[in-house]
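**Q** Each protein sequence line maps, in turn, to chains P and L. To convert, note that position 345 of the first sequence is 345 in the working numbering; the numbers rise steadily by one, no gaps. To convert, note that position 112 of the second sequence is 112 in the working numbering; the numbers rise steadily by one, no gaps.
The set of hints was computed from the structure by calculation and includes no laboratory data. The reader is advised that the hints may include incorrect statements.
Output of the computed footprint for chain P on chain L, the stretches with three or more beta carbons under 8 Å from beta carbons of chain P [as the list claims (entries may be wrong)]:
id	stretch
1	38-45
2	73-85
3	150-157
Built from N, CA and C at the ideal position, the CB exists for glycine as well.
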Amino acid sequence: MTLAVENAPTEPFVWPEEGITRIPYRLFADPEIYAMEQEKIFRGPVWNFLCMEFDIPEPGDFKTTFVGETPVVATRDRHGDVHAMVNRCAHKGALVCLQNKGNAKSLTCVYHSWNYGLDGKLIGLAFKNGVGGKGGMPDDFDMAAHRLEPLRTEVFCGMVFGTFSEATPPVEDYLGKTMADFVRRNLGRKLKPLGMQSQIIHNNWKLYAENLRDAYHATLLHTFYTTFKVNRLDMDGGIIIAPSKWHHISYAKRATFDESDEYKKAEVHSAKYESKLEGPQLLATWDEFEDGITHSIQAFFPNLCIHFTLNSLCVRHFLPRGQDKTELFWIYVGYEDDTPEETEKRVMQVNLTGSAGLVSMEDGCINNFVQRGTKGSEDKRAFMEMGGRDAESSENSRATEAAIRGFWTGYRQIMGF
Amino acid sequence: MLEPALRKRLDDLQTDYAHAIDDDRLEAWPGFFREACVYKIVTRENHQAGMPMGILYCNSRGMLSDRVLALRTANIYEPHTYCHILSRSRYEDAGGGCVAGRTNFQVIRTMEDGEMSLFAAGKYLDRIDISGPELKFAERLIVLESRRIDVLLGIPL
């Protein structure tokens, strides 16, 4: 236990009367609030990202993950249906699947050989009828009453989601039409895995949820582009916030200059970046979409994001590992019909994002600066009025914290604060 | 079987490379590579699965220089230092004027407040150009044991 936890205020939590423009620092430090989030958010009416569909392509495939801190396993059964269950034996609570990924006919707990189908139903257990007529389960033992705790699942655009709550609407309704359409734009084709890495960031998971929605900081903290005078006249874009306020898209477009007649005549369709880079191949890109959007970050409540910056396409999933620790997974993907040259460009652009990303590596430490800076100040709060006091879309400017206020709008609803 | 004199030069290259990074002489780091080179950091998990994506990927010496300049002038991170611990290397002739080598390593990271941790462990899989007057890395593929990076990877391994 750290000093800050011992000194944490014990009075009931009350949100400041100014509303979503004030974020109490206690939210990042209080272990009771952290425990409440596990129940109300991660086990509540939200869709939790579990894995990619390509993680479990074949019957018998399984992939372990977490929903909040709860261990979960996603499977594909012999009929091709996707299931998800808490990865906890119904007998004594041991982990059932120990590997990250695998393939099995059924799932067996190593402790006492309780055996489950790929749908989580108990199909057998050792010494059920005893040994030599002695011992065994009571006569009224009901196999059907003991199974792996199920989650409801849905697959959307190659991503497998799970929820514990019957109240969660279908994924598309949960996201809203604009958000769902943009996911379809980015992931609505057959995907190809390119590689995964993870990063431990030493901050509360909500600070990263804020960071993803923080368009205000992008050019201020991340100075790689300006240092190397990278110039492609990308216009400042905007922010679209879901009607629920829970999710958002932040985007930048290439300049209309690119669309001008002289460019069309010259059939210049690939992006040309001028820079002071000695290795300009870093920014060798091609334009993939007609809508002109070259950079987008889309964040979903509670702990998921998709980025599509230049040609780098990545699903980012961040898991709480304690109130001041988060594991951030970077799942890089391409499309199955990418050419080898296109794949090479996506692979090259890993230099921009991820734990060693030249553009974004600061996000690995900046949230920890907030975590440390606010220690001992649990009764104080952040001030968040850039771009106004509401959580509305902003088509013209990214100098706004509206999407962060949107996150807190959802958070307050679900937590009852 | 490598000639003892070449073996010594290769060992010196490995040592000098690690010391340049550990002593914060990052500007000297690109000079250990050929102009046409590959420097790539991958995880064991992705490497074994045949995934192309690394954590960091440079395919020219200029890209290495860009990274050093970015670290010095653009990127923001808390000051820290590395201490490389290298294993004995294994070498074999790779043809084309190159030697292939494998060296295991650990990197211990120390933050300004004194906190010290095992930041990375893995293996250097090298192709070293021995055709010129100076030995240069043609390729340095770094396979990390863990897929997890703590905080960020700024200073090269």
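**Q** Hints numbered earlier in the text: which of these fail when held up against the supplied structure?
**A** The structure breaks none of the hints.
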